[in-house]
Amino acid sequence: MTGAATTTALSLHEVSAGYGAEPVVRHVSLEARRGRWLAIVGPNGAGKSTVLKAVAGLVPRQGTVLLDGTDTGDLSRKELARRVGYAPQNPALPERLTVTDYVLLGRAPHLGALARESASDLSIVEDALTRLDLAGLAGRRLGTLSGGEAQRAVLARVLVQRTPLLLLDEPTTGLDIGHAQTLLERLDQLRREDDTTVVTTLHDLTVAAQYADELVLIDRGGVVAAGPPSRVLTTERLREHYAADVEVLTTADGHPVVVPVRTAGAR
Amino acid sequence: MLRPRSRRATAATQRATAATQRDTAAEPPSRAAANTTRLTPLAVVVAVVVLVGVALLGMLIGPGELAGNRVLAEILAQLTGGVSPLSESEAAVVWQLRMPRVLLAALVGAALAGAGAAFQGVFRNPLADPYLLGAGAGAGMAATAVMVFVPAVTAWSFGPVGPLPLAAFAGALLGVGLSWGLGRSTGGAGTAGLLLAGVAVTAFLTAVQTFVQQLNTETLKQVYTWTLGGLNITGWTDVWLVLPYVGLAALVLVAAARLLDLLTLGDAEASSLGVRPGRIRLVVLAAASLATAAAVSVSGLIGFVGIVVPHLVRLLAGASYRVIVPLSLLGGAAFVIAADLVARTIMPGELPLGVVTAFAGAPFFALVLRTNRERLS
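Each protein sequence line maps, in turn, to chains P and F. Numbered as in this note's numbering, the first sequence ends at 267 without a single skipped number. Numbered as in this note's numbering, the second sequence ends at 1377 without a single skipped number.
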């Protein structure tokens, strides 16, 4: 275990999670290695978001979640927030808050209940805004941002938590292909610079295969396959679990590309 | 055949690199500070000047053959240790009637506006007001019961405190307590259960009040007047009665302002940032309800203050509760002093304070809403 702990940033063991009697996620085990990008993929309703929430401690769960070998059950909410940054699929964006005010909220895990932010908190925020190309928008209200700018503001808010692990639920929701690429490139760069472990859910399998080092395919609350994208994304598997007619092609440098196929007579 | 990364992605990479390579050290940290919504000295000075000015007016103007300039001379004499220009009875009017009334109006206004801001933060709803959880209905029911069932001649009291304020205070806390208990027992996460419990409790307590009121229709006018709100005080007792609650609540709410900002993100995101939304709500609602109960106990039901003042502050000073809470406290105080001044001078008799706050506040509010249209959208 100690040998694995040096490279395993996150490990889930037999995790079941969700509200109500019937958990959405059942007996999920997976690992994310430090500094790598793990993408959780799967059809709608498979439980992708619930896995992230289980790690962030936002849903009732059973089983074990280890962060760098530490059981998250032993961490206080604040300690957890210093280790795990989380952004939901549709983050709340109070429209009249300025970008700086909003990003500054991400420093909360590092502040006492009655404390005020210090100059160092402000400079951490400023640094994040610059890294995400938001410095020019620092005084703007959230309600005036475009979709791409808003997603970067959310990323900045998570970034200033300064956590070794980022959980991002569909970070490119609502973005066109160009803005989605820009955001994912930025995220990839931050990950490499800070040696951060990134876990995202992504619905676009081709994009997931391009950015993630490892994929975990989830269906009906359980892990179906895990490993490098080229091994996880096979035509048969996707046809079975997505109930979709797709073809998996491979690029010259070995990245799988998932292409929907319209079979004759579908009309 | 298929290129793994488009030129666009390469362009994106370059932009990302350029952004990070930009010299961050050259930017002074004060720039970030300039873009945060914080209480500026200017805003505080303006609010305090307005408050003191209105309070001074409240002292200078009032019934009785007492010219404003003589009152001003008296105040200056007291401040500088000079000789009082007033007779003993005239001085009593200033220090035993007008002064406590102005201070009580300030405390009631601060309580209602501060509590309103807190309720809007906790419920993430701009229409939330301090009476939302049954504080008003509970106080109204208890006050009505006293007016109907307790004959004036045998009125029980605790020292100088009459039965009406005590009953209203207890009734307000009872209403909020019932809502909280009911909201908790529904087990729902978040605030929806609590909000609906408040609606149910308010409806029920109002029904009880109406029933009690019908038992003795002779008190109808008295009950009606009470529900319209007013500051018919006898002296300093009410001020000392209300001050600890409002003072404590003000401290708690100002301290919790940053946490209220976190609540605007919703429970899940606030939790992911290491705070406990349920605990914040409990503390904030307890403080706000205590302040509301204290205000209601001495003033009856004064509407509009809890909604209009926080919204004015929001429009004029920013959307962070670090600004909204303290400026609402100061602004609410000034607003109710001014409204009370109008209430007791505009007619030979006295207008109900709640009528004035709505009558003067609503058009002013509408005006500010209009002139700030672009800021709202």
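Just to be clear, a hint being listed does not mean it is correct.
[Claimed, not checked] Between beta-carbon pairs, the in silico distance windows are: (1) Val1199/F x Thr64/P: 39 to 45 Å; (2) Thr7/P x Leu1282/F: 49 to 55 Å; (3) Asp195/P x Ala1362/F: 53 to 59 Å.
I should point out that these hints are in silico values taken from the structure, not numbers from a laboratory. We put the CB at the ideal spot given by N, CA and C, even for glycine.
Now the hints, each set against the structure:
Between Val1199/F and Thr64/P, the C-beta spacing of about 43 Å keeps the proposed range 39 to 45 Å intact. Between Thr7/P and Leu1282/F the Cβ separation comes to about 42 Å, which falls outside the hinted range of 49 to 55 Å. At about 58 Å, the CB distance of Asp195/P to Ala1362/F agrees with the hint of 53 to 59 Å.
Hint check: a violation occurs at hint 2 only; the rest are consistent with the structure.
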